[in-house]
Every structure is written in structure tokens, then in C-alpha cells.
Amino acid sequence: MIRNDFPITPELVASHGLKPDEYERILRITGREPSFTELGIFSAMWNEHCSYKSSKRWLRTLPTKGERVIQGPGENAGVVDIGDGDCVVFKMESHNHPSYIEPYQGAATGVGGILRDVFTMGARPIAAMNSLRFGEPDHPKTRHLVAGVVAGVGGYGNAFGVPTVGGEVNFDARYNGNCLVNAFAAGLAKTDAIFLSEAKGVGLPVVYLGAKTGRDGVGGATMASAEFDDKIDEKRPTVQVGDPFTEKCLLEACLELMASGAVIAIQDMGAAGLTCSAVEMGAKGNLGIELDLDRVPVREDAMSAYEMMLSESQERMLMVLRPEKEEEAQAIFRKWGLDFAIVGKTTDDLRFRIIHQGVEVANLPIKELGDEAPEYDRPRIEPKKPVPLAADDVPQADIAESILKLLASPDQASRRWVYEQYDTMIGGNSLQRPGGDAGVVRVEGHPTKALAFSSDVTPRYCEADPFEGGKQAVAECWRNLTATGAEPLAATDNLNFGNPERPEIMGQFAAAIQGIGEACRELGFPIVSGNVSLYNETNGRGILPTPTIGGVGLIPDWSKMARIAFAAEGQTILHFGAPEGGAKHLGQSIYLRDIHGRADGAPPPVDLAHEKRVGDFMRTLIREGVATAVHDISDGGFALALAEMAMASGIGAKATLPDGVDPIPYLFGEDQGRYLLTVVSTDADRILGEAKAAGILAEKIGETGGDVLVLGESASVSVKDLTAAHESWFPSYMKG
Amino acid sequence: MKSAVVLLPGLNRDRDMIAALTKVSGQAPKTVWQTETELPDVDLIVIPGGFSFGDYLRCGAIAARMPVMRAVADAAKRGVMVMGVCNGFQILLEAGLLPGALMRNSSLQFVCREVKLQVANANTAFTRAYAPNEVIRCPVAHHDGNFFADPDTLARLEGEGRVAFRYAEDTNPNGSLNDIAGILNEDGNVLGLMPHPENLIEAAHGGSDGRGIFESALRVAA
Amino acid sequence: MKARVTVTLKNGVLDPQGKAIEGALGTLGFAGVGSVRQGKVFDVELNGTDQAKAEADLKAMCEKLLANTVIENYSVDFA
Amino acid sequence: MKARVTVTLKNGVLDPQGKAIEGALGTLGFAGVGSVRQGKVFDVELNGTDQAKAEADLKAMCEKLLANTVIENYSVDFA
Ligand SMILES: Nc1ncnc2c1ncn2[C@@H]1O[C@H](COP(=O)(O)OP(=O)(O)O)[C@@H](O)[C@H]1O
Ligand SMILES: [Mg+2]
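Residue numbers (this note's numbering), protein chains in the order written: chain W, 31 to 766; chain B, 32 to 253; chain Z, 234 to 312; chain C, 234 to 312.
Same shape as in the complex, but just chain W:
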């Protein structure tokens, strides 16, 4: 058992991740030496993970408002109006460090945490995504991490009962020592029944809900804010174990509780559990909170106040209860087999007071715990702009071979091995499951509406040019939603970077956020929630900058939704948004990296006005019902996009390449803002005319049909061979 009367030594302060000047600040706030428990509370509130002390300054620059935005950043999740009294509630959050230490449980509890964020607000989860990044395939740890993380994401989400409709998987040596697990969840709620964390009313009961408290993850939030070193094993005892069964019961109990009118305020216990949730509820409501720890349901003997306040046991919530509803509320929790305990009350003194075994072990000013958290404008070095590839630097290779090689490469191979371990259709509303441009889930109870979900970032672009990379991540997400016919509504961001105390990393971070902000503003795609994960670094080597964007779009009539599979033979294929003469940009392309082993050049710039103009035009075509298949062009360019459409349908295609162009950049260039689309042949000329009138470059490039993909004189590969290459890598890699 940990006592509360440890002497507060400089070593103890340092071991809590607090810098000397931060400790000075604590002394100023308390006016005395803090108790051991108080020190723990400060360290939890003021670590990077909870206080956003390095990132706050930059997060404030993001656009967070929009016509449809009901709730932006600052609550458990963002809320966006989708009409008819419904709203979508969503957020993305990282569980990187825990997943590296124990991949199954780390990923599982990551999924559990984000689901809780969504249903704490009164929404029933309807979709999940997971954005994963691992080290190079040959690294001895990678296979184990992939297997564990994927099983953990599925293990939790499947048992909880949410369809996983999208995600990403990338491999790169820069993630060898730090994998990334970013979990996204979205739920549906009524706009007039959103629940918030702001406590209201003095002297009201504070209720503990859900599972019992153990010593899980004591110090976990602190761990998430520390770099790894070779002594990582010592950090292991803090691993949390997820219990999706309890979470499913908690979901049902919470939704019943909310419907009963018993809830004044509610907050899930995430990082630094009881501490963060109680302080947040009180501080937001301008109220003090008093907790009596003897009433906290615990599953272990002799837990100290320090441990209870810092425990990260999962599947727990804190709420302020309307007192006259106590019995009804308790009955609901008993029915679901969950704990329900009044553990404290709201007060009017703005203090955060903790009583344990009759002794006051903490008494702190509640507002200052959050408001006075340090905030840094960390020094940063402006990232150097990359040198663009020379125009005549076009390395050649056999085209058919290159396509097959790329389709069978770790980053481009089919993700079927991953997503078939996820329940992608539970709920009966999944209209598009993983494998297309975006996951689509119909809005239950509405005859025609559906929501589209996509998660995107291209870390190699961000590494070469964080500003352009940040823009591109937003643009690609927006484009993927658009490609289904959805109107992109809003996004969440999960910013994964290295150590912010290094000026180069801080420079990357700031530039990426500026790029994200610019793209979101131009595209009308506000950020309504998000999460920052810093210190993703091992032995001084940071990950690739990875600002993941999770976007949500609205489809008014899903019967007109577009998919990537060719619909039939004999249809005309159109290419939209390419520059005159076709794609040109090979810098930072997959072709350059995976065929020639080169990671040079500048990433493709994103012209946001062009992006928007082309996207809006595509959406109109889809909604008119003339587009029979649509796919955006991204990694691997035109060639891979066309191959993916063929593989998805089993139908071949014959494309004609323009005379006199070098087929390599035309086929593999990654110029942004482009789509492939098919129409019945008689519509083609009219559509090309409309595109021209709208100022959009578009061209007829071929026809669907047969069982071979023919790219002019350059290549001819059967769809069967394409599919075999594409499907083979993941299963055979995982077999070992």
C-alpha cells in the first residue's frame, strides 16, 4: 500500500514528470507543500496527455465552428447536426504507448475509451474506425504487434457491438519503436438530448458508475507523456485490461439512465480516471467537488487514496445525479449488474477535496488545477522546404511489374486480413464496409440518409513537408467522403508526433497544424474534436509526423451513393481533376519509394480551390445518379486506382494513354484532387461538356470490360493476377 505521508523530495517530483518550475507553480497554488496524493493529482492533470501544455497554443488556431457544429472541441466528443433532430457525435483518440507494451489490451482499451467518449454524450455508437501504424515488416516486433493490435481492436469492438467500417494500416521503420493506434468512434443522438460534463447545482450527489477500481494503469497518463527507453519493461505493471462485456452493459445502462432524466452531468473516466473526470465536471460548472474514497467500489484490498485517484481502470463513469431519481437510477444499474455508488457531492467552495479513512488527503483549488496548468510556446525550428524532383528525373521501370509489385507491397496490399477480424456489419446498417473509399452507415429510422466515415493521413508527405502534408491529410479525407457522394461535414484529428521538447519536432507539429487549419477552412470542414499524442519517440528517434484526420460526411439519399467497383462492362471511364496532359508529380510517391527505393522530392501540393471545385462537381454527378462507380486517386496514382476498381468488381478495363506522354508519371504520379468515375457511355460527352463549363479538366480514358486491365501499350495484366497479388501479402506475411 502506498502511504500519503511520503516526503516530497525533488526526486519524487521529478519522477512524477514535473519540472522544477512546474513544481514552483504548484507551491504557489497550494501555498504549502502538497501531500503525496496532491502531487499525484497535479502530475496527472498537468502531464502532456491531459493538459495539452505543448499543443494548446496551436490547437487554438484550428477552425472549429460551422453551421452544423453543435459542439466543438472541449467536451468528450464533437457534435454535428445532420437534420431531422438527429446529430452525429464523434472523436478519435490514440492508445499508442499502451499498445506497444501490450498490443491486445492496449488496442482493446483504446477502442473502449473512445466508445465511452461517444456514449457519455448520449449517443449510441454506430461506427468505428482504427488507424494503425507499425514498424517495418521485417522488424522482429512488428508481426506480434499487428496480430495483437488487430485482435484487440476486434476483440473489444466486436463484443461491444459496433461495426468497424474503416481505418488505415501503414508500415515504416520509423514506427519500429512506437506503433500508433488511433481509434475513432461515432454515434447517433438526438440534438435535444446531448449530455455534457458541466456540473450544475450545489450539494448534489456525485455518483460513481460502472466497473470497480483496481490498480490498473496507475501512472498511465504519465507514461503516455514519456519517451520510451530500453527500460520499458519496468513500465509494464500499469497495463489495463479491457472488459467489453461490462462496457456494453454500461452503454445500455447509461442510455436508460439518460432517458430517465436522472443525469445532470456525466463524464467518463479516461486518462487519470477519477481525478480528471471530477476536476473537469466541477471546474466547468464553477463548483467544488468533495469525494469520499471509502465509498468508491474497489476490487483490491488496501488501495491508497493516491492509487484510487490515479487508477485508470476501464469502463467507469462519474455523474451528477438529480437526487429525486436516485432509486430509479440505482435500479437501472443493478439490472445491468454494474456498480452504482454515491461517492461525493458538489460544493460551492471551488475546492477539490478528497477524504479517505476520515482524513482529508487532498484539498486543492479546483479551477486552478486545470486553468493554471502550464502552457508552453515551445521553441521550434521551421521545417526546411524539400527540394522538388527535377522535371527530367523520371526513373523507368516495367509498368505491369511495377503495378503487381505495388499491389503486393506492405502499404498497398489488401487489408482484408485485418478487417475480416472486425464485425463490419453488426447493426444491419453498414452500406459500405471496409475496402472502399469510405465506410457508409445508414441512419436508423430515416428512410434515405446515411453517414460516411474516412480516416486519412500520408505520413511520408508530412515528413517531407509538414504543412503540405497536413493539408493533404484533410484533403484526402474530404475527397474520400466525397467519392461516396457524401457532403463532408466535420472532422476530428489525432496528432501523433515525437518529442515536443525538440525544436524540429515542434516545428513539424506547428506546420502540420497550420496546414490542417488552412485546408479545413478552405474546404468548410471544421475540426470538432481530437487528441494529441506526443513523445512518440524511442532512443531519440521520433515517428513520422502522423496527424490522422477522421472525417464524417452526410449522404441524403443512399440509393444514389457511389462505390469503387465497376458496375458493368462497356461503361466509359472518365478521369477528373488532372493537370493538362495528365499527372506529373512523382516526388514522395509510392512508385518512387517502393519501386526505386527513393524517398526524395516534395510531396504533391494541394490546391484547395481546385480540390473543392472538382469534389463538388463529383458530388453533384453522384447525386444526380449518373456516376456508376467512383474512386479517388491517391497512393500509387491512376494505375493503382484503376486496378482497385477492377479488382473490386472482377471486371477489366481498357485505358488509352495520350500520345507522346511518359506513361510513368501519367500512371503513377500522385497529383492531388483527382477522381476516376464511370458512366454509361451515352452520358459521357454531356458530362465532359459540363465539366469543361465548370472549369474542370476531365478526359475520357477508356472503357470497362473483359477480365484484363489494359493500359495502352504500357501494360496488360489480368484482373485475376492483380487480385492474387493484392490479396496475398497480408496473410502470407502474418503466417510468418
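Any given hint could be a false lead.
To be verified - Capping the alpha-carbon separation at 30 angstroms, the derived lysine-lysine pairs in DSSO-like fashion look like this:
#1 Z/273 <-> C/235
#2 Z/252 <-> Z/286
#3 C/235 <-> Z/292
#4 W/765 <-> Z/273
#5 W/242 <-> Z/273
#6 Z/286 <-> Z/297
Just so you know, these hints were derived from the structure itself, not from any lab. On a predicted model such as this, the values are computed, not experimentally measured, just so you know.
Once you have looked at the hints, place chains B, Z and C with the ligands on chain W.
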């Protein structure tokens, strides 16, 4: 057709099943909570899929011992149609209403994909809307669907035409003996099956091959 | 009182997990592994001091819940 | 040679399965059950007769595959 859906904590395809029963029969099913000891008067009782009690211990084991299951067993004895889908199938096995066991998938992984099912016996309360040996599409989503029974039990199931559905065209996703996807009790009024017909009943699902099971029951009830 | 209940698969019952582990051990280079069968243990704490009664209770728990006697055997030990 | 490897959760690690079983035993009317923790056993057949070597091998198997040493302990016994 009057129907009821059994609810146990941790089941999670109850909403899918309720939607399917409502859409196919035109009548919303009643729901019955795990602690109830009497069932409403219905033609069909369905135990839906999910992870009852987390599937901790063994899939369906704890659920099978909850009070409502005694009532289900009594109803089955009286000849009421009972269908368990996925976790519901596992619960019926654990409750002793069907023979055999469902083991971990041979891949040891959860699997969610579409498979092909052959209607191995089209002359049952749950299959008569299909043609004999008809092959239909149907999704699966499970971790423990690997059907096992000792040789005598297996021979009886086969000999008595109690294999209702079989995975067809090399799509067995879990290693089940004899490609078994669904079986019946001796009287033919209890069906357990691993795949999810409730997730393939309308255009939004990309097909309606799963409807036949509900329509068969509907014909019996009429 | 502390007891350990061990539940193992009956002979002849397929054990996909054991099989997979066998295979994986081979891949990891462990030679000489004949067969692997996976089972479960339950460490149960019981009130009271009457071991005979506890044993009877535990057997009843196995019959009713802890083991699926169609495919599993069980045994009870005291610490 | 026959050996049994027993893998149990470390103290303090949440055991959702054990917890659910505890609850179910209560519902089934078994009084006096304090706590249940679930673990695994692996019955392994090994070629050879050198028990010391076998033990070393089994420990290596536990470290590499059979146990998740982040959250589990293991022990090895011979029949
Ligand atoms: N990168 C970001 N962009 C926008 N908002 C962010 C970002 N990171 C965090 N936020 C917002 O800050 C708040 C606190 O985040 P976090 O601590 O991760 O939430 P929680 O307490 O629910 O775990 C949330 O409302 C979140 O949406
Ligand atoms: Mg939260």
C-alpha cells in the same frame, strides 16, 4: 407471426434481429429479459447473436443457465419454434437443446465475411421457403463457430436430416465438421445456426437471401 | 479455503487452440513437441473450512457451469 | 514426457472472466464463493527423457508464446 426475442446482457445483434423479424413478418417481436420465467404466447422464439456475459468461460455457457432459458426449453418441448443465431446457437448447445459444441474457429481468429450456404434439408420449419440444395449467400461474424460432435452424434444428425445448412463452395470459415453451419433438434422445431440471415434481408444489405428462414417460419405459423 | 479446478478437453475432442500452438511452437524452432492440449484452471476462494463440503460444492459447480461435460473433464485440488 | 504448464493472471490484473463466473455462480445459488480467477493449462507431450532440458524448453516456450508475461505468470510441472 407472433415472435419473441430473448435478451441477455452482452447480446448485441438483438437490434438486427428485431428489425429483421419486424420487416419480414410485419409485426414487431416481443422482448423477454433474462430473468423472466414465463414467455409470451408466440410462434417463434429467437435468441440473437452477440457475446452474452462476454462469452467468458465458454461461449453461451453462462447465458444458458439463466432463468429465461428454462422457459425456452419448456416452450421448445411444447413444440414452439426456437431459433438461436450465432451466440444464440451456442446458448442452445450449452442449454442442451441441441447436441454438439462450437469450438474456437480453426484460424483462431474472429471472422466476418460472406459465405455460401447450402440448404441441406429444405423440408423443415425453417427452410421450406428454399429449394432443396439451394445455395444462398449469407454473412458470418463469429470467433467460435467450429462445430464439433462425437461420431455417433454426427452420424445421427446426418442420418436424420438434422443438418439444416452447410457451408458450400469451399467457404467453410471455421473448420466445422462436415461443413455444418446449422442443425435441428429431433423434433425439428429448434434450429441453431452460426451465420446471420438477419443481416441479409433487404436491398441495403446487398441482398435478401436470408429472408427465406424467416419466411419459412412465417408459413409454419400461418 | 483455496481450491483449483482444472478443466481439460476429453480425449478425441478437437482442440483448435492446442493444434495452433503446436504449429506455432514448431515455427518458433522448438523441436520435439509431440502434442499440446489446452485447458482451463479456476482458482476459487471459498468461505468455510469444511474441505469435504467444499469439494462437493466445487464438483457441483463444475457439473452445472464450469465444465461442459459433453466435451470436458474436470478435477478439483486444494492448495 | 508429459508436462503441464499453468498460466495465471498476475495479481491485480483485472480478470473479467473470473468476475463473470463469480456472478454466475451467485445466480446459480452457490453461496460462499469469495473470488474466482481464471487461467489456462497446456498439457504438452515432449519427446526425450531429460527433464531438466524439458523444463528449460518449456520455460522458453512460456516466455515466447504460451504466456503473456506482461500480465501473466506461469509454472511448469511434470506428470
Ligand atoms: N488535436 C485536437 N484538435 C482539436 N481538439 C482537440 C485536439 N486534441 C484534443 N482536443 C480536444 O480537447 C479536449 C480534451 O481532449 P482529451 O483529453 O483527449 O479528451 P478526453 O478527456 O475525452 O479524453 C477534447 O474535447 C478534444 O476534442
Ligand atoms: Mg473523454
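Are the Cα atoms of residue 765 of chain W and residue 273 of chain Z separated by 30 angstroms or less?
Given pair residue 765 of chain W, residue 273 of chain Z holds - Cα atoms ~26 angstroms apart, limit 30 angstroms.
Mind checking the alpha carbons of residue 242 of chain W and residue 273 of chain Z for me, to see if they're no more than 30 angstroms apart?
Holds, at roughly 25 angstroms.
Agreement of residue 235 of chain C and residue 292 of chain Z with the hint, judged by alpha carbon distance not exceeding 30 angstroms:
26 angstroms, holds
Between residue 273 of chain Z and residue 235 of chain C, does the CA-CA distance stay at or below 30 angstroms?
With a Cα-Cα distance of about 17 angstroms, the restraint between residue 273 of chain Z and residue 235 of chain C holds, given a limit of 30 angstroms.
Regarding the pair residue 252 of chain Z and residue 286 of chain Z, is the alpha-carbon distance no greater than 30 angstroms?
Violated, at roughly 37 angstroms.
Satisfaction of hint between residue 297 of chain Z and residue 286 of chain Z, Cα-Cα up to 30 angstroms
Holds. Residue 286 of chain Z to residue 297 of chain Z sits at ~16 angstroms (cutoff 30 angstroms).
The structure shown violates just one earlier hint, number 2.
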